[in-house]
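If you read the sequences in order, they're chains W and H.
Under this note's numbering, the residue at position 208 of the first sequence is numbered 208, and the numbers go up by one with no gaps.
Under this note's numbering, the residue at position 133 of the second sequence is numbered 133, and the numbers go up by one with no gaps.
Treat each hint with caution, since some may be false.
EDC-like mimics (lysine to aspartate or glutamate), calculated; alpha carbons at most 16 Å apart, straight line [unchecked claim]:
(1) H:Lys97 / W:Asp121
(2) H:Lys84 / W:Asp121
(3) H:Lys97 / W:Asp122
It is worth saying that the hints were derived from the structure and are not from the lab.
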Amino acid sequence: MIQTGRKHILHIVKYRWIWMALTVLLLTPGIIAMIYSSVTYANHSPLKVGIDYTGGTILQYGLTQKISNEDLTATRKSLDDAGIENPYLQILNVNTEQQGKTKSNIQSIISIRTKFIQKNDDTADKITQVLTREYETPELISVNSVGPTLGKELFKNSLIAVALAFLGIIAYLSFRFKFDYALAAILGVMHDVIFVTGIFSILGLVYNVQIDGLFITAILTVIGFSVHDTIVVFDRIRENLRYYSKKMSFGEIVDASVNQTLARSINTSLTTLITLFALYFWGGVTTKDFVLAMILGIAIGTYSSIFFCSMLVDFWNDKKTATVA
Amino acid sequence: MKNKILMFWFIVIIVITSCVIILNKPTKLGLDLVGGSRLILEAQPTETVAKITPEIMKTLLFAIEQRVNKMGVAETVVQQVGEKRLLVEIPDVQDLKEAKAILGETAELEFKKESKNSEGAIDWVSTGLTGKDLNRASVETDSTGHWVVSLEFNNNGANKFAELTKELVGKQMAIFFSGSEVSAPRVNEPIYGGKAQISGDFSYEEAERMVNLLNAGALPVPAEIVEENTVGATLGADSIEKSKKAGIIGLSAVMLFMLLFYRVPGIIADIALVIYSLILFALFKTIPVTLTLAGIAGFILSVGMAVDANILIFERTKEELRDGRNLFTAINSGFDRAFTSIFDSNMTTIITCTILYLLGTSIVKGFALTLAIGVIVSMFTAITVTKNFMHLIFGTGELKHPALFGLRKDEIGKGYEAVETKREKARFGILD
Numbered sequence: 001m002i003q004t005g006r007k008h009i010l011h012i013v014k015y016r017w018i019w020m021a022l023t024v025l026l027l028t029p030g031i032i033a034m035i036y037s038s039v040t041y042a043n044h045s046p047l048k049v050g051i052d053y054t055g056g057t058i059l060q061y062g063l064t065q066k067i068s069n070e071d072l073t074a075t076r077k078s079l080d081d082a083g084i085e086n087p088y089l090q091i092l093n094v095n096t097e098q099q100g101k102t103k104s105n106i107q108s109i110i111s112i113r114t115k116f117i118q119k120n121d122d123t124a125d126k127i128t129q130v131l132t133r134e135y136e137t138p139e140l141i142s143v144n145s146v147g148p149t150l151g152k153e154l155f156k157n158s159l160i161a162v163a164l165a166f167l168g169i170i171a172y173l174s175f176r177f178k179f180d181y182a183l184a185a186i187l188g189v190m191h192d193v194i195f196v197t198g199i200f201s202i203l204g205l206v207y208n209v210q211i212d213g214l215f216i217t218a219i220l221t222v223i224g225f226s227v228h229d230t231i232v233v234f235d236r237i238r239e240n241l242r243y244y245s246k247k248m249s250f251g252e253i254v255d256a257s258v259n260q261t262l263a264r265s266i267n268t269s270l271t272t273l274i275t276l277f278a279l280y281f282w283g284g285v286t287t288k289d290f291v292l293a294m295i296l297g298i299a300i301g302t303y304s305s306i307f308f309c310s311m312l313v314d315f316w317n318d319k320k321t322a323t324v325a
Numbered sequence: 001m002k003n004k005i006l007m008f009w010f011i012v013i014i015v016i017t018s019c020v021i022i023l024n025k026p027t028k029l030g031l032d033l034v035g036g037s038r039l040i041l042e043a044q045p046t047e048t049v050a051k052i053t054p055e056i057m058k059t060l061l062f063a064i065e066q067r068v069n070k071m072g073v074a075e076t077v078v079q080q081v082g083e084k085r086l087l088v089e090i091p092d093v094q095d096l097k098e099a100k101a102i103l104g105e106t107a108e109l110e111f112k113k114e115s116k117n118s119e120g121a122i123d124w125v126s127t128g129l130t131g132k133d134l135n136r137a138s139v140e141t142d143s144t145g146h147w148v149v150s151l152e153f154n155n156n157g158a159n160k161f162a163e164l165t166k167e168l169v170g171k172q173m174a175i176f177f178s179g180s181e182v183s184a185p186r187v188n189e190p191i192y193g194g195k196a197q198i199s200g201d202f203s204y205e206e207a208e209r210m211v212n213l214l215n216a217g218a219l220p221v222p223a224e225i226v227e228e229n230t231v232g233a234t235l236g237a238d239s240i241e242k243s244k245k246a247g248i249i250g251l252s253a254v255m256l257f258m259l260l261f262y263r264v265p266g267i268i269a270d271i272a273l274v275i276y277s278l279i280l281f282a283l284f285k286t287i288p289v290t291l292t293l294a295g296i297a298g299f300i301l302s303v304g305m306a307v308d309a310n311i312l313i314f315e316r317t318k319e320e321l322r323d324g325r326n327l328f329t330a331i332n333s334g335f336d337r338a339f340t341s342i343f344d345s346n347m348t349t350i351i352t353c354t355i356l357y358l359l360g361t362s363i364v365k366g367f368a369l370t371l372a373i374g375v376i377v378s379m380f381t382a383i384t385v386t387k388n389f390m391h392l393i394f395g396t397g398e399l400k401h402p403a404l405f406g407l408r409k410d411e412i413g414k415g416y417e418a419v420e421t422k423r424e425k426a427r428f429g430i431l432d
C-alpha cells in the first residue's frame, strides 16, 4: 500500500457519483443566470459588461459626506434633467477607520457612468456642475473613458487571450504528461471559469456588478492557478504509476495520490486565500471585484483539482480498459 | 558541507546587494498610484491621407512628443502601441481639458487665397504655403497693444510668401489654423524679408497656445482620444496606503500560518519569503518595472506561489521522514521529487503570463510581468535558499525531534515499501 500519512482517506473513485452531482450543483445556478442574462440583456451578453468592453466614460467624485440611496436617486434625476444620457450611478463608501495616514477626508465616492465623452463635449462639466450644486466640495478623483470601437477590440482580444492560454496549456501538458491528462486539466479549468463567471453573472443580476478588463486578468490567473493545482496531483499519479502500476488498480493509485497531495493542495490554497482576503478587506476599493473573482476561482480550483480532474482521469481509464477487455 | 557554506555566503551577498538596490533606487509607480493621466490617441485617416503608414505614425509621435514636452511636466511617456495608436502618459496634469485639447489639435497652419467657384461664390483654396515653411513663431504685441502671433519663415517660406503677397496685392489672404479661419487680412503691398504677423483678437493664452503648437509642428493626421484613464493624486495615495497595509497583513498571516503548521521548516520558509520579497523588489527597481495596482496584485499572488513551492517541498520531506529516512536523504529527495511538480506548474503560469503580456492592455501587461518575474524568482529561492538553510540547520543525522517538523514520534519509520530503481537510489543517496 502507498503511505499517505493520513488517518482518514478521502475516497475519490468510490464516491465518483457524489462528486459529479456536487459539480452539477455548483455550476447550475451560474449557468442559469448566464442564460437568463443572455436572453434579457440588450447586448445579449451572459455578464454585465463595463465600459472596458462597451465603451463609455466613468467619472468618480470624492465626497466629504456619506450618501444615502435617496441622495443618489435625487442626483440621478438632476443629471437626467441636465440632459445627461442614461447616467448610471454607484456609491462606494470609504471605510473611515481604514483611512489611516492618508490626509484626504473623503467619506464616500460617487461613480457616474455615461456614454463615451468626446473631446469637445461638455458632459463632464455639466456633471461637475450638478454635483457641486448637490454636495459639498465634490472632488473629481478619477476619469475612465473608453471609445466604443476600442471596447469591442478589447473584448475580442480578451477572448483570444483566454483561447490561446487554453491551447498553450493543452500543448504543454500533452508534451509533459498525456493528452488525457491535458484534457482533464482543461475541463477542470473550464469548470472553474464557468463557476466564477456564473457567480459574477448572478452578482450582475442582483447587485449590478460589472466586469472590466481586470476581470479577464482574474480569470486568466485562476486558469493558471487551477492548472498549477491539478498538475501537482497528476504529477503524483504519474510518479505512483511508475512504482505501483502492477500491484494496484488505477483507481487505487488515483485515490492514494490525491490523499498524498491533499495537505499540500489545501495549505497552498489557504495561504493564497489569506493574502487575497487581506487584499479584499484592507486593499483599495477599485480592485475589490478583481480580488473577489480570484478568491472564488482559487477556492473552486482547489475543489476541481482534488475531486473533479482526478475523477475524470479515472473515469476515462475505466472506459478505456472496458473497451480493451 | 563546504559547498553548503559557500552557498550560504552567496545568498548573503545577494540579499545585501538587493538591500542596497532597494535603498538607492527609486520605485517606479504607475499613474494609478501617484495620480495622472493615461491617454490612448488613435490616428484618424483623412480624405488626403487614406492610409496610416508607419512613416505617418513616426511624424505623429514626434509632433505629439513635442507638445507633451511643452506642458512642462516631468516623466511623461509617449509611445506607439499597435499600428495606429499612441500611448501618452502625463503624471500630475494640472488642466486635463486643456491638455486634451492641445493633444488632439492638428495645428496645421495654412495660407489660403480666394477663388470664385462655378456658382460665383467665394471659396478659399490652398496656396501651398503652410506651417512647414515656418522657422519659428512667437507672441508679440502690435502697435495698438493687442497680442499677435509673429511668424518667421525659413528661406523657402520667405520666397513663397513674397510671391504670394505680390500676387495678392489688393486682395484678401486667409490664415487657417487647425482647419478654421483665424483672420483674413487685405494685402496692401508685397512683403519681403520672410516675416508676418497674425492678429485675431487673441487673449495672451490663446496666442501662446497657438505659438506653442506652431513651434511643435503640425500633426500629419488628426488624432482622437479613444481611451482615457485619469486618477487624482489623493486616490492614488489612498491606493498605495491600502495596498501596503493589505500586503503587510497578508504576508504576516501567511508567515504565521507557515510557522504554526510546519514549525522549524516554516521558519525557514518565512526567511526564504523575506529574501524572496527583497530580491523581487530589487529586480523591479533595476529592470525597472512600473508598479501599478494590478502589478501589486500580481506580486501578492506570486507570494502565494512562492509559498506553494515551500509547502510542496516540506510535505514531500515529511513523507520521506515518515518512511524512516535520515534527514539528509529526506531533504534531498523531498526537493527532487517536489521539483517536477513545481517546475511543471510554474511553467503553465509562465505560459499564461506570456500570452497576457503579448495580448493584454497595459494594465494587464503590468500584472503578467510582475507575476512571471515573481514565479521565476520563487523557483530560485525555493531551490537555493530553502534547501540550503534546511541542510545547514538540520545537518545529516537521524531526526531526533520529530516535533521540529510537526510530526509525531509514532508516525516515523513505518518502513519504506516503494520500489525504486538503482539509479534513483543513487540519486537520492539511499543506502541499502
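Quick rundown of the hints versus the structure:
Proposed proximity of Lys97 of chain H and Asp121 of chain W is supported: the alpha carbons are some 10 Å apart, at most 16 Å. Using a Cα cut-off of 16 Å, the hinted pair Lys84 of chain H and Asp121 of chain W is violated, with the two alpha carbons roughly 24 Å apart. With a C-alpha separation of about 10 Å, the suggested pair Lys97 of chain H and Asp122 of chain W falls inside the 16 Å cut-off, and the hint holds.
When each numbered hint is compared with the structure, a violation occurs for hint 2 only.
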